[in-house]
Amino acid sequence: MTTQEECEQLLNSVGQIDILVANLAEPPMTGPVQNIDNDDWNKLIDSLVHPLMYLVRAVTPQMIERKSGKIIAITSAAPLKGIPNNAAYCAARGAQNGFIKAVGLELARSNVQVNAIAQNYINNNTYYPDDILDNEKFLDHVKRNVPTNQIGKAEETAELAAYLASENCNHLVGQLIPLAGGWAT
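Numbers 15 to 199, taken from the numbering used here, label the letters of the sequence shown in order.
Honestly, the hints are just simulated from the structure, not real lab data.
Fair warning: there could be bad hints in the mix.
[Claimed, not checked] Label pairs and their calculated CB-CB ranges: (1) Arg-123 <-> Asn-52: 36 to 42 Å; (2) Asn-149 <-> Asn-37: 21 to 27 Å; (3) Asn-138 <-> Lys-57: 18 to 24 Å.
Ideal placement from N, C-alpha and C gives every residue a C-beta, glycine not left out.
I would like the entire structure built from these sequences, with the hints used as guidance.
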């Protein structure tokens with residue numbers, strides 16, 4: 015979903031949306047801030063920030079009208095702590111996080127709960143392909159930096175999203191829930 019039109023077409027083909035889970039991913043571009051290329055910067059914003067806004071903007075009117083809905087963004091814990099040589103990625107993910115907090119407050123009185131799962135060190139092929147997970151140096155890094163001493167399972171993200179989407183979660187609004195093995199605290 016890279017344009018508002020694509021989001022509108024999806025909405026028209028699906029109809030009523032009760033729950034939106036926006037799981038946008040783009041591998042981080044690493045390097046010092048002075049070497050950030052404008053095209054790389056724009057790619058991160060175009061793939062992480064704009065589609066989130068397009069999707070939320072597309073589903074919000076019907077959720078407000080029904081006074082019911084859940085919006086869950088899968089974001090990153092990276093901007094909560096900051097990662098050297100990842101300024102562009104942290105900026106794009108930070109924009110997502112700020113957007114979710116603001117929209118959560120904006121839609122709360124319409125009974126639409128908006129939250130984010132800010133993950134890091136969760137096993138998925140976009141960020142942790144097998145060659146990285148098998149790398150001894152990376153595993154040592156995890157043991158030194160992640161209090162749980164491990165990479166989390168993707169199922170943990172799914173289970174947390176299922177709770178946020180449930181009828182048992184109506185009082186949590188505009189929150190960024192770190193799912194990072196204690197790394198972000």
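Right, here's what the structure says about each hint:
The supplied range of 36 to 42 Å is met by Arg-123 and Asn-52, whose beta-carbon atoms lie about 39 Å from each other. The hinted range of 21 to 27 Å is satisfied by Asn-149 and Asn-37, whose Cβ atoms lie roughly 25 Å apart. Checked against the hint of 18 to 24 Å, the pair Asn-138 and Lys-57 passes, with Cβ atoms roughly 19 Å apart.
Checked against the numbered hints above, the structure breaks none of them.
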